[in-house]
Amino acid sequence: MAESNTKPKFAFYWAASCGGCEITVTELGMRLVDAGDLVDIVFWPCAMDFKYEDVEAMADGEIDFCFFNGAIRTSENEDLAKLLRRKSKVLVAFGSCAHEGCIPGLANLYDAESILERVYNTVPSLDESRGTRPVPLSKVPEGEIHIPSFYDQVKTLAQTVDVDYFMPGCPPVVDQVWNVFQLILSGQLPPKGSVIGADAKTNCDVCPRQKVQSGMRIKEFKRPHEVELDPDLCFLAQGVICYGPATRAGCGLPCIQGNMPCRGCYGPPEGVVDQGAKLLSAIAALIDTDEPEELQSIMDSIVDLVGTCYRFSLADSILSELKYKKR
Amino acid sequence: MVDAARHPKVDVRTYTEVERVEGYVGNFKVLLREKSRYVRTDRCNGCGECAKVCPIEVPNYFELNLAPRKAIDVAMSQSVPLIYNIDLDACIHCYKCVEACGKLEAIDFSIEDKLVWEDIGAIVVATGFSHFDPSVMPEYGYGRYPNVITAMEMERLNNSAGPTAGNLIRPSDGTNPKRLAIINCVGSRDKRFNPWCSNFCCMYAIKNAILVKQAYPDMDVTIYYMDIRTPSKGYEEFYDRAREMGIHFIQGRPSLITEDPETHNLFVHSEDVALGHVIEREYDMVMLNQAAVPQPDVDTVSSVLNITQSPGGWFMEYHPKLRPMDSPTDGVFLAGACQGQKDIPASVAQGSAAAARAGRVLHADEWEIEPVVAVVWEDRCVSAKGKKCGLCAKACPYNAIEYEQGKAAHVVTAKCHGCGGCVAECPHNAITQMHFTDAQILAQIHALLAEKPEEKILAFRCHWCSYGGADLAGVSHFEYSSNERGLRVMCSARMDADFIYEAFRLGAGAVLYSGCHPQDCHYITGQRVGASRAERLLKAFEKMEMTPGRFRVEWISAAEGDKYARVINEMQAVLDSIPKEKLMEEIERLRPEMERRARRLREVPQVEEALGYSRQLEAAMVGKEA
Amino acid sequence: MNHQPETFADQVRAIPGGEHLEMCYSCGTCVSKCLIQQKVEPEYNPRRLLRMVMMDMREEAFQSPTTWLCSACDLCYPACPQQIHISGVIGAIKQLAIEAGYESPLETVTVDESLCSGCGICVLACPYEAPHLVEKEIAGEMDRVSEVDANKCMGCGICVAACPLGAIARKGVSNEEIVRQIKVKRQKKGVPRLVTFVCDWCLRADDDVSLLESYPDNVRVIHIPCSGRIDPQMALLALRSGIDGVLVCGCAPGECHYKRGTYVSSCKITLLNRMFEQMSIGDGRVRFVQIGTQDRGRIRREVDAMLEYLAAWKEAR
Amino acid sequence: MAGDNGNEELRIGVYVCHCGSNIAGVIDPKVVAEYAAALPGVVRAINTPYACADSGQNLIKEDIKEYNLNRVVVAACSVRMHEPTFRAAVSEAGLNPFLMEMANIREQCTWAHGHDPEGALEKAKDLVAAAVAKARFLVPLQMIKVPVTKRAMVIGGGVAGISAALDLGDQGIETILVEKQPTIGGTMAQLNKTFPTMDCSI
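Chains as they are written, first to last, in our numbering: chain Z, 11 to 337; chain C, 44 to 669; chain W, -16 to 300; chain L, 110 to 311.
Derived from the structure by calculation, the hints contain no laboratory data.
Just so we're clear, the structure is a prediction, and the values are computed from it rather than from any experiment.
Do not rely on the hints blindly, as some may be mistaken.
Straight-line distance between alpha carbons at most 25 Å, and here's what the computed DSS-like set of lysine-lysine pairs gives [stated by the list, open to error]: (1) Lys168/W / Lys333/Z; (2) Lys335/Z / Lys168/W; (3) Lys146/C / Lys95/C; (4) Lys430/C / Lys495/C; (5) Lys72/C / Lys254/L; (6) Lys229/Z / Lys17/Z; (7) Lys171/W / Lys335/Z; (8) Lys139/C / Lys95/C; (9) Lys333/Z / Lys166/W; (10) Lys72/C / Lys495/C; (11) Lys335/Z / Lys154/W; (12) Lys297/W / Lys171/W; (13) Lys256/C / Lys234/C; (14) Lys254/L / Lys157/C; (15) Lys232/Z / Lys221/Z; (16) Lys221/C / Lys139/L; (17) Lys302/L / Lys276/C; (18) Lys168/W / Lys22/W; (19) Lys333/Z / Lys154/W; (20) Lys302/L / Lys78/C; (21) Lys495/C / Lys259/L; (22) Lys289/L / Lys72/C; (23) Lys119/W / Lys22/W; (24) Lys333/Z / Lys171/W; (25) Lys289/L / Lys52/C; (26) Lys139/L / Lys458/C; (27) Lys385/C / Lys289/L; (28) Lys17/Z / Lys61/Z; (29) Lys72/C / Lys302/L; (30) Lys19/Z / Lys202/Z; (31) Lys119/W / Lys221/Z; (32) Lys289/L / Lys157/C; (33) Lys61/Z / Lys99/Z; (34) Lys166/W / Lys335/Z.
Coverage of chain C stretches by chain L, computed from C-beta distances (three or more under 8 Å per stretch; other residues unrestricted) [to be verified]: (35) 212 to 225; (36) 294 to 304; (37) 393 to 404.
Example chain W residues on the side facing chain C (calculated, C-beta under 8 Å, incomplete) [stated by the list, open to error]: (38) Gly0; (39) Ser9; (40) Gln21.
Ideal Cβ placement from N, Cα and C applies to all residues, glycine included.
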């Protein structure tokens, strides 16, 4: 889409997420100033004072590129997603929450009622529960107050509206953000629906550590803090689950260089439908036993299975689909 | 069977066990425990009225638990003697049997077990064999699949006096099987269970097949075999007869039986070796031809009668070819399958043979036993001088030494079996053993270590076990180092610590201290006396930092020729591994200590003279060389 | 023992695992316990192969299918009355055959080097240590990829399931070919739709195998070389597509034809069910059963039980 | 015959057996005999093809008379094989049987060291020397005679036990047949028919 000579209009919106993706944009630092000359930011509520009415006032498709980060948790998120879809030519699922549901997506382990019960009644930090509960409409002398309603299921952006591009990462690394800006300005955008701001390879391809050899099967899975981690040896060889084999490269391996195993925030490589199931299949092949009882103890050594396999992709997984399709 | 009970000279004592045996050939004292039947043997005439009214049923060992017997009953209708007995654990004391017995009043619950000592000249052991329990072979499913039965169960099912009066039925539904499979070598010729061939089960399988074929001509009978063994007269013809009757024979040892859960029919998976194809055939019933194994209580009988076992648990004969009916213990003879798996003709023959061997002893007015007994030198015994000792009495397995402080110890010659334990235990060398005196053994040690002792392995072996083991090593041509020099004593208990010290004082390269395995000792506890002394020697040499392996303690039976050769070769390897000078330096270093420990040996009568003679002998031996 | 010229048997005995072959008294137990002759290759016969070694028939032994098809599952080893480690002897013969230049006739896996990221998971997954990592030049630049020793690979597919990228595959049982079969026609109300994965080796009796085909079209049977070949994603895809239940049948522990497939598969399905529990959608619709070589007729009980359970489950919803 | 060993002159005879090729095949018995001849107290040393055969025994018996031997050493097979034979031969020649000592140069020498003939020869010489040394200190002994109780016991009432008990009974010996179970008959009684003649088993 060749740009008219006027600067392309960018929009950023922050739905159900931690806001880290917004901060990554600010991390561009001085490059943000250069961007300022090339790009016209028309909507960025987190950074500058913009109101929803400003967006509604725009013509449909007026925004050239909308970077939408955050999952869809409440009715407000959904409304804004639909609104920005209408108002933007290109909608980018910016960051893991929009792309796969990320940490907020883990709420799909529970349902709305048990979450509210926990937060408003039984959480230890509460002195004594006042039995309050958020309701969408409450009448007060001054009039009616509307607050967004709390959905049962956390959805990804693509499960709510049609998404043009996906940019993984929790958060996406700042250099990749700059690469995407350059890509957009250069106009050579890849076909619709593809993943931008990441490589086709996996982290194992680029990871410098010494790989496993035969005979290194695992007798007991250990968590990172339970092992004196060797910085030069693959984590799997040390009995620690690393998501590297099933995760797209592009992040520059900040975790692995920090001597921590990869947790899979850059999403699955090409051709993988359910990232968690694939990792589970890989883990199961590493066990080292020919005794049924020992198999039991090896399996018990994996703590929080869903958290381990679907830390970032639960909302996008078939598990979520199976849970919510029924209702 | 019956004429055994009627024979005037044969006193049949059933429901009786041997508790203890003492004494020696010609003069055994046997303690018998006649278990109480709670029925008076003099009054019961075997009418069976009591069994009719008894309400309680218990499993019957005779019927292999396929059929019950009453709490008061006989094992089988043709029992000899036909006297009933009560299984008190099951009896509910309803006393209906007492009423049924009426005025005979043969039932008496107050009868106790009777303990009786019997004076006996010769003993024939004929305790027979037992059957391998195939339930430890999951692949054949015995115990899980109802229609898989053992050969003995087939015997009872086929037997007209058996639980089904001879009607062969499938346990699962009581119908007559149309297709029967017999599997040979179940538990036999199998390294996982019993490596031996059980001798008679090929013929046994063919017999059962013929019996079944005669009773049910249209039944399809198949025998799975590896090799059919028909060694004796008339056996191969019997095998031909089976083939003529249309019994199928498939060469191929089945690996597996699976069962159809609904019909309980069985599928036998085997290879037809003749064709090289895997075959799976359906049968209504499978008979497992189980192996012959020693009786489960063979260890108890072994220790009570003080007879040893060959590998596998069969009682060991004095010599497999020359004296198969004699046990190593004089006056105790072996007959039948307890000595090794054999069929009925061989068992009967060996029974008569054992009787003949026993007759040799019993018809002699008196019997000669070797005069290798112990003799006390009263003047040297400290107990005579009032000191407290009695070590010799403590060491004697047969308490043949009467000891009283203040009087010299006294050996009861008749009770002494000649193990020599007392001689070696006596710290004051106040006791000697005829034909194995200290002087004689010392002279032998000096002769054996006359030339280049540091290269020699002096091996002390006991006559009954390790000497036999050394013989077997030779018979089997197991090669071992020719630096070994053997010395024979009656028991490891006789191997005095002074001999070992003397050998090392002379500069022996290595010394082997070898005897029977604990349960095999010919002198009951002789081995234990030797073993504890060996333990003390090991610790002493360890403290002296002697190179480990130069003094070695090994228990080797007469059946372990390969072990004897291996031990000697290992000791030779130890010697080879020590550099010559280092060995000589160690010998010189330890010589004074050995001298000190063997000093009391000098005081033994004739030892001085023995050393004198030895010096002459060595001069002649070495002189001849130089 | 005087030293004769080195015979073929001596060479086999010299290789660790090859000892004791002369103890074999040709009873045939191993031949019938092993399933390969019955299910794959009529010429397969370990007893004959050992005989060939003892009779110095080198070439015949190297060309015999027994040398190449034995998957060292050791089903025969505990059954052998002479306690010969038969797969050890066959392994030694195979090693000599490879040294003599013979090759395995088996359908083995191949690696797509453009996809492979060199993570090494297939190296650990393989029971036969066929794949190993090598540094190679691919498309102009040095890369680390997995390379499979075709003589060691038995074609079980455990590595194919383990590879996160699907970079390793075997003709006939690739991921696409299996996923394509996961289809069950729509059924009348209340009739459960079931997919059953069955490994080639857990049903000894032929009539158990034919019985499986006799089920109506609401039961779809998918044959796989080893239960370790399926991966949890296939079960999820089945459930997502509206199929009510997935039953995976593998060998009993210690009887797996490819040594460890049944443990790997048991681990996958158990962990998958634990995840369903964690998501509180644990309703037992994915089940793994280990069928023993003596469990004749059990497959029928397992499938009927599963159909009954699924029917009740559908009823409840 | 030979007085106490204190003052009587030692006259030892050594006989080295060939045992066909069992011994002679590995070592030369003649060399061993010559070696033995030089040992103190040995007045007669000779090798013989088969010591246990009549020829061998007669040689020993004649030598005892001719050389007035008071000790005999037989270097041949195992004590467990032919000690009784040589003791009988020696006592027939009037010498106390316990003045005979054997050296085992077959099972425990030539048969076990066929691979090392020199070593076997050295060992055979040493074993003979040791036997001579022991013979030097042998004293005459008499077999101990014990009375024999004329009663037998058969333990086990199966077919073998019954046949033994019957035979002993027929020899007029009082026999006690002990059986653990309530009836005799053992395993055979449980059988239906018995091979090969198919007659009944009770």
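If any of the earlier hints don't hold here, list their numbers in rising order. Going through the list in order, the structure violates hints 4, 6, 10, 11, 13, 14, 16, 18, 19, 20, 21, 23, 26, 29, 35, 36, 38 and respects the others.
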